[in-house]
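If you're matching them up, the sequences are chains C and E in order. For the first sequence, this note's numbering assigns the number 679 to the last residue and increments by one with no breaks. For the second sequence, this note's numbering assigns the number 438 to the last residue and increments by one with no breaks.
By construction, these hints were calculated from the structure, which means they are not laboratory data. Bear in mind that the values here come from a model prediction, so they are computed numbers and not experimental data. Each residue gets a CB set at the ideal place from its N, CA and C atoms; glycine is no exception. Accuracy of the hints is not assured; some may be wrong.
[Unchecked claim] The calculated BS3-like cross-link candidates involving lysine-lysine, where the alpha carbons are at most 25 Å apart (straight line), are:
#, chain 1, residue 1, chain 2, residue 2
1, E, K24, C, K475
2, E, K24, C, K258
3, E, K339, C, K505
[What the hints assert, rightly or not] Quick list of the computed label-pair ranges, beta carbon to beta carbon:
#, chain 1, residue 1, chain 2, residue 2, range
4, C, N396, E, K24, 48 to 58 Å
5, C, R674, E, E25, 35 to 45 Å
6, C, P668, E, D168, 17 to 27 Å
7, C, G8, E, P179, 57 to 67 Å
8, E, D168, C, I172, 22 to 32 Å
9, C, L28, E, E25, 45 to 55 Å
10, E, D256, C, K212, 52 to 62 Å
11, C, G438, E, D123, 21 to 31 Å
12, C, L163, E, D256, 15 to 25 Å
13, C, I274, E, D123, 46 to 56 Å
14, E, D256, C, Q198, 52 to 62 Å
15, E, T437, C, T160, 53 to 63 Å
16, E, D123, C, G499, 21 to 31 Å
[Claimed, not checked] To give an idea of the chain C side of the interface with chain E (calculated C-beta under 7 Å), a few residues:
#, residue
17, S260
18, L425
19, G508
20, W565
21, N676
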Amino acid sequence: MGYYDNEGILKNTNFKRYNFRLNLDQTLTSWAKLSFGLGSNLSTSRDMPNGNNFFNPISGVFIIDNVWNLNDRDANGNLRQVEQVRINPLSIIETFDITQQTYRTMGNVKLSLFPVKGLNIDLIGGGDIYSLQGNEYHPRLPYSGVSADFFPDGYVSLATDNLMLFNNDLNITYNRNLTKALTSTTMAGYQIQYNRRQYAAQDGRDLAPFGKTIAAANNLFNRPVQSLSERFISGAFIQQTFGFKEQVFLTLAGRIDKSSVFAEDNQNNFYPKISGSWVLSDYLKNKTLISSAKLRAAYGQAGNLTGIGAYDRFDNYLLSSIGGLASITPSTTFANPSVRPEKMTEFEFGGDFAFLNNRLSLSVNVYSQKITDLLLTKPVPPSVGGTSIVTNVGDNTYMDNKGFELMLNAALVRKKDFKWDLGILYNRNRNRVYGIDGDFFFLRTGGPQAVLNGQSFGAFYGTYYARDNSGNLLKTTTGLLQPERGVQTTALQGTTDRGADGQPKTTGVGSTELRKVIGDPTPDWTGSLNTSIAYKKLSFYVLFDAVMGGDVYNWNRITSNNVGWGPLAEQEIRGEVPRGTVASVAGGINGGRIQEEHVEDGSFVKIREVALTYELGKVKGLFDNFNISVIGRNLFSFDNYQGFDPEANSAGQSDRVRGDDFGAVPIPRTLMVRLNGRF
Amino acid sequence: MKLKHIICSFLALSALLNSSSCTKEYINPNAATKAEVLSSADGLMGLAVGIRREWSVGATGALFNTVICNGLATKELTVLNTGNNTLASLEAGKGSLNGANSTMANLWTSANLVKAYAQQLLDNSSVIGDAGTKAGVEAYGLFFKALAIGTMSQFWEQVPTEVISSTDYIDGKRPNFKPRAAALDEAIAILKQADGIIKANAPSATFNTKVGTDISLPNAIQAMIARFSLMNGKLDDALAAANLVSPTVLSVFKYDAVNQNPVFRSGLVSNNVVGGVANFGLTGALAPEAADARIPFYLGGATLSKATGFFKSDLDVIPLYLPSEMTLIKAEVLARQNKIAEAIVELNKIRTKATDPLNVTAKLAAYSGAETQPAVLEEIYKQRCIELFMSGLKLDDCRRFGRPGPNDANFERNRNFFPYPNVERDNNQANTPADPTV
Numbered sequence: 001m002g003y004y005d006n007e008g009i010l011k012n013t014n015f016k017r018y019n020f021r022l023n024l025d026q027t028l029t030s031w032a033k034l035s036f037g038l039g040s041n042l043s044t045s046r047d048m049p050n051g052n053n054f055f056n057p058i059s060g061v062f063i064i065d066n067v068w069n070l071n072d073r074d075a076n077g078n079l080r081q082v083e084q085v086r087i088n089p090l091s092i093i094e095t096f097d098i099t100q101q102t103y104r105t106m107g108n109v110k111l112s113l114f115p116v117k118g119l120n121i122d123l124i125g126g127g128d129i130y131s132l133q134g135n136e137y138h139p140r141l142p143y144s145g146v147s148a149d150f151f152p153d154g155y156v157s158l159a160t161d162n163l164m165l166f167n168n169d170l171n172i173t174y175n176r177n178l179t180k181a182l183t184s185t186t187m188a189g190y191q192i193q194y195n196r197r198q199y200a201a202q203d204g205r206d207l208a209p210f211g212k213t214i215a216a217a218n219n220l221f222n223r224p225v226q227s228l229s230e231r232f233i234s235g236a237f238i239q240q241t242f243g244f245k246e247q248v249f250l251t252l253a254g255r256i257d258k259s260s261v262f263a264e265d266n267q268n269n270f271y272p273k274i275s276g277s278w279v280l281s282d283y284l285k286n287k288t289l290i291s292s293a294k295l296r297a298a299y300g301q302a303g304n305l306t307g308i309g310a311y312d313r314f315d316n317y318l319l320s321s322i323g324g325l326a327s328i329t330p331s332t333t334f335a336n337p338s339v340r341p342e343k344m345t346e347f348e349f350g351g352d353f354a355f356l357n358n359r360l361s362l363s364v365n366v367y368s369q370k371i372t373d374l375l376l377t378k379p380v381p382p383s384v385g386g387t388s389i390v391t392n393v394g395d396n397t398y399m400d401n402k403g404f405e406l407m408l409n410a411a412l413v414r415k416k417d418f419k420w421d422l423g424i425l426y427n428r429n430r431n432r433v434y435g436i437d438g439d440f441f442f443l444r445t446g447g448p449q450a451v452l453n454g455q456s457f458g459a460f461y462g463t464y465y466a467r468d469n470s471g472n473l474l475k476t477t478t479g480l481l482q483p484e485r486g487v488q489t490t491a492l493q494g495t496t497d498r499g500a501d502g503q504p505k506t507t508g509v510g511s512t513e514l515r516k517v518i519g520d521p522t523p524d525w526t527g528s529l530n531t532s533i534a535y536k537k538l539s540f541y542v543l544f545d546a547v548m549g550g551d552v553y554n555w556n557r558i559t560s561n562n563v564g565w566g567p568l569a570e571q572e573i574r575g576e577v578p579r580g581t582v583a584s585v586a587g588g589i590n591g592g593r594i595q596e597e598h599v600e601d602g603s604f605v606k607i608r609e610v611a612l613t614y615e616l617g618k619v620k621g622l623f624d625n626f627n628i629s630v631i632g633r634n635l636f637s638f639d640n641y642q643g644f645d646p647e648a649n650s651a652g653q654s655d656r657v658r659g660d661d662f663g664a665v666p667i668p669r670t671l672m673v674r675l676n677g678r679f
Numbered sequence: 001m002k003l004k005h006i007i008c009s010f011l012a013l014s015a016l017l018n019s020s021s022c023t024k025e026y027i028n029p030n031a032a033t034k035a036e037v038l039s040s041a042d043g044l045m046g047l048a049v050g051i052r053r054e055w056s057v058g059a060t061g062a063l064f065n066t067v068i069c070n071g072l073a074t075k076e077l078t079v080l081n082t083g084n085n086t087l088a089s090l091e092a093g094k095g096s097l098n099g100a101n102s103t104m105a106n107l108w109t110s111a112n113l114v115k116a117y118a119q120q121l122l123d124n125s126s127v128i129g130d131a132g133t134k135a136g137v138e139a140y141g142l143f144f145k146a147l148a149i150g151t152m153s154q155f156w157e158q159v160p161t162e163v164i165s166s167t168d169y170i171d172g173k174r175p176n177f178k179p180r181a182a183a184l185d186e187a188i189a190i191l192k193q194a195d196g197i198i199k200a201n202a203p204s205a206t207f208n209t210k211v212g213t214d215i216s217l218p219n220a221i222q223a224m225i226a227r228f229s230l231m232n233g234k235l236d237d238a239l240a241a242a243n244l245v246s247p248t249v250l251s252v253f254k255y256d257a258v259n260q261n262p263v264f265r266s267g268l269v270s271n272n273v274v275g276g277v278a279n280f281g282l283t284g285a286l287a288p289e290a291a292d293a294r295i296p297f298y299l300g301g302a303t304l305s306k307a308t309g310f311f312k313s314d315l316d317v318i319p320l321y322l323p324s325e326m327t328l329i330k331a332e333v334l335a336r337q338n339k340i341a342e343a344i345v346e347l348n349k350i351r352t353k354a355t356d357p358l359n360v361t362a363k364l365a366a367y368s369g370a371e372t373q374p375a376v377l378e379e380i381y382k383q384r385c386i387e388l389f390m391s392g393l394k395l396d397d398c399r400r401f402g403r404p405g406p407n408d409a410n411f412e413r414n415r416n417f418f419p420y421p422n423v424e425r426d427n428n429q430a431n432t433p434a435d436p437t438v
């Protein structure tokens, strides 16, 4: 049983969880065992709006000019309006009520049979059922002048999301010694997963007095939403491993996977795998120097079974109504009726080594992945009557991941009263996409993230500053910043074109605003370093995380300049830069927005965790063991990033659109004291 | 016994779960399929309503973006929040407007969607048995296809009139473009075809019930023939069609609580997007006369520059065209044909109008200026700018009347034509034409 309560970084936000778990094991006979597990939890949270919208209080802080006092109140203590049409971010923090509840029950049954020696049969059945409920309430605002878009007359919404997941697995393992030296392990089985989700929502505005639920809404300005989706995934596998003298192991495996989300002819896919390892320990003469060594290599294929939505393979026609008449419109996202899963082919090679009586251990892994049949939502030209298509991107398109991982652990000092350990993790990956038809396409309308030939996936593509031959900014004759212009010869490259006055041409041939790769959110490498030092009953632990060489597309900074309080706006007001400088970057004076201005180096090294622990040991009559710790997380970030946190990503966990910072809530710095006792 | 029981029931249960899930085909319960919609009369009539909705509803719809793009390019409207760089670029025009502009792209996208959806009505109307329902569906499809092509011709030099299916797209096909004169001719031909269809078979009662009669097809078809013929210099055709349009029957887009008047909801209500320019953005000789009753109608007052007109609430109806546009077309054709006295007669119908089905009334004195072709044409242009304020037509008017262009002193339009949106060019690199100079 457990209870967890976490206060959010923004005032009036929190997360609470109550949970319960039960496990039972029953030995039925000598050759059968049944186990049973049941878990249930209830969690509730109070949230604030986030993401790119005007309700997000973090965005609000960037958007509202800093001449306003957010805390200004009338005689009744009500907040006042800030900046015409905007909502005061403090109104959101103090009076909005946005809650989520999750009720979740998980159960599983496992039947294990061992009918003959060496044979294991596991049959597993599991279910996970959960229900999410979200409620949002904005009271009527106590001040006038706020745009109707921000619901000054109040707003409520209600959403429920019911999910049900069943799985059924069968695993059969058979171990046998073929000869004295040769062992065999045969495995076979299947996995089946069924997923059902039903979502329903309704919102409304113009609230009746006192009401806080959907019944209080006088204006249901959006249609109710209901969506049901079902997905079925299954797979069967067989795997054979041979072991020779417990030194050399060879595994051959194959599996067939089926997923209901793909086109009928492409639902079943076969993936082979082969791997081997060689334990060298027996050949090692000096075990003090090299204690153990193992080499391994693997080759295999895999596919993504849930790469697209449950019904993305269909040309869907959406239903709605207008003026009481039924209305049908085709989805602007086309389907590819022959869509199939991506295929990843991977080769990896590595080794695990231990030195100096196991005091030093090293793991190295080198890999090369090739992903074909890349599955994406790709834009289509509107002239064909749609805006995007869910499809495998081109027969010649593929993505490469090449990299290596290194893990080093060292017991530096081992004395009775003094221990010192060190761990290092290093990961370098190079990602590239090739064979894109037309050289590139954007991953999201309005964002810079694109798929470009020969670049890493999701690189930023956009307009950039005009520069002279020596690389200095080329300003207009009135001293304003301007985008580079010329002829876009290929997607990745343009030729600049200057007029007689040495300035970029603003009309006619050669006046196209050029675009190029202006940044890349993919880091060059990531790493971490941890060390722990223990002296008698006192121990100290510190963990550093590094993410180096990734860019962030910082929307916040341009926004803060546009509304008049960012650093560039300040320079403009002080007359340090010419009038119109901010607008020349933001777009609308000398061309569109200069997107290069958004891009910043997001490299950082963070002190992720520091902990100081004191062991009290046994406390007589109370605890077998008792310790007390002071723990700090995310204490400091070493970076040159101008926003709050280079690690934040407005697009959440999306692996397609990364590196956006627009109103993202930074990762909080936490300090905690922990008392830990065992009875 | 008990043990066997447990094991058997467990195996049976998992077998049951697996067999039922394995064989099932998972189809989408949330939406209709293409086959369902395109193989039934009800599906096609629903699609007809959907086409009207795509055109007229929402901040991404063609109607809203026509009003905004045209208004900002011709000084009808002004941007209230300069931090909104997309709208600021449209207002600055010239070299500041580039293919990345999302408002311009919305206009392009919505018009192209409507064109393609309309083609689906035409390609599948043969499944409808009833002649009157079939005629209604076909005429509706043809009308909106022509409206989409004609509207694009007002903003772009070349228009992708060709319609291809998503299957064609997957096979690598991309639509070709046509110069706007040819595109306008095509739009007119499509409208004439629609006219022939409803003359042969009037839309059925079923069609009128399920698709609605807010758009009077016989009148709207002629009105668009008149509009596009005039834009394309086919003066006699324009005059003939304008004469066939009833001055009292309206064709409008209606709204409800869920589908709101987009210009009000997305453009005006926040007081943070766009606003009307004082005096309709007209200065000097073109400035409206102080007594003009259309000033309070469209701008809410002589001094207050806030657009109102057909956009005062979520539920206000927006006319597809103003019947008085036909009078102005007649006046313009006659003036261009040098029938000055007859032109002045039509012009005065606008100037002195005191009643109007849409309440757009100037209540001015009759024309008293010079009775020469240039003077009368300038007065017609001025009356169009006022009478047809925020109806999306001024960019073409400004070009047709030879008004000062983007690089002239006191320019009245900041672009001749728009650049092609990046969403098109980036994904149709082979066929997208070069951008216009300005």
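Here is how each hint holds up against the structure:
1. E/K24 with C/K475: The hint is violated at about 65 Å.
2. E/K24 with C/K258: 13 Å, holds
3. E/K339 with C/K505: 45 Å, violated
4. C/N396 with E/K24: 48 to 58 Å: The hint (48 to 58 Å, Cβ to Cβ) is violated, given that C/N396 and E/K24 are roughly 36 Å apart.
5. C/R674 with E/E25: 35 to 45 Å: 53 Å, violated
6. C/P668 with E/D168: 17 to 27 Å: 52 Å, violated
7. C/G8 with E/P179: 57 to 67 Å: 59 Å, holds
8. E/D168 with C/I172: 22 to 32 Å: Taking Cβ atoms as reference, E/D168 and C/I172 lie about 50 Å apart, which means the hint is violated.
9. C/L28 with E/E25: 45 to 55 Å: With Cβ atoms ~39 Å apart, the hint is violated.
10. E/D256 with C/K212: 52 to 62 Å: The hinted range 52 to 62 Å is violated for E/D256 and C/K212, with Cβ atoms some 26 Å apart.
11. C/G438 with E/D123: 21 to 31 Å: 28 Å, holds
12. C/L163 with E/D256: 15 to 25 Å: 33 Å, violated
13. C/I274 with E/D123: 46 to 56 Å: 51 Å, holds
14. E/D256 with C/Q198: 52 to 62 Å: 27 Å, violated
15. E/T437 with C/T160: 53 to 63 Å: Since the Cβ atoms of E/T437 and C/T160 sit about 56 Å apart, the hinted range of 53 to 63 Å holds.
16. E/D123 with C/G499: 21 to 31 Å: Given range 21 to 31 Å: violated, Cβ gap about 50 Å.
17. S260: OK, holds: C/S260 within 7 Å of chain E, min 4 Å.
18. L425: Interface hint status for C/L425: violated (40 Å vs cutoff 7 Å).
19. G508: 5 Å, holds
20. W565: 12 Å, violated
21. N676: Cβ of C/N676 sits 41 Å from chain E, so the hint is violated.
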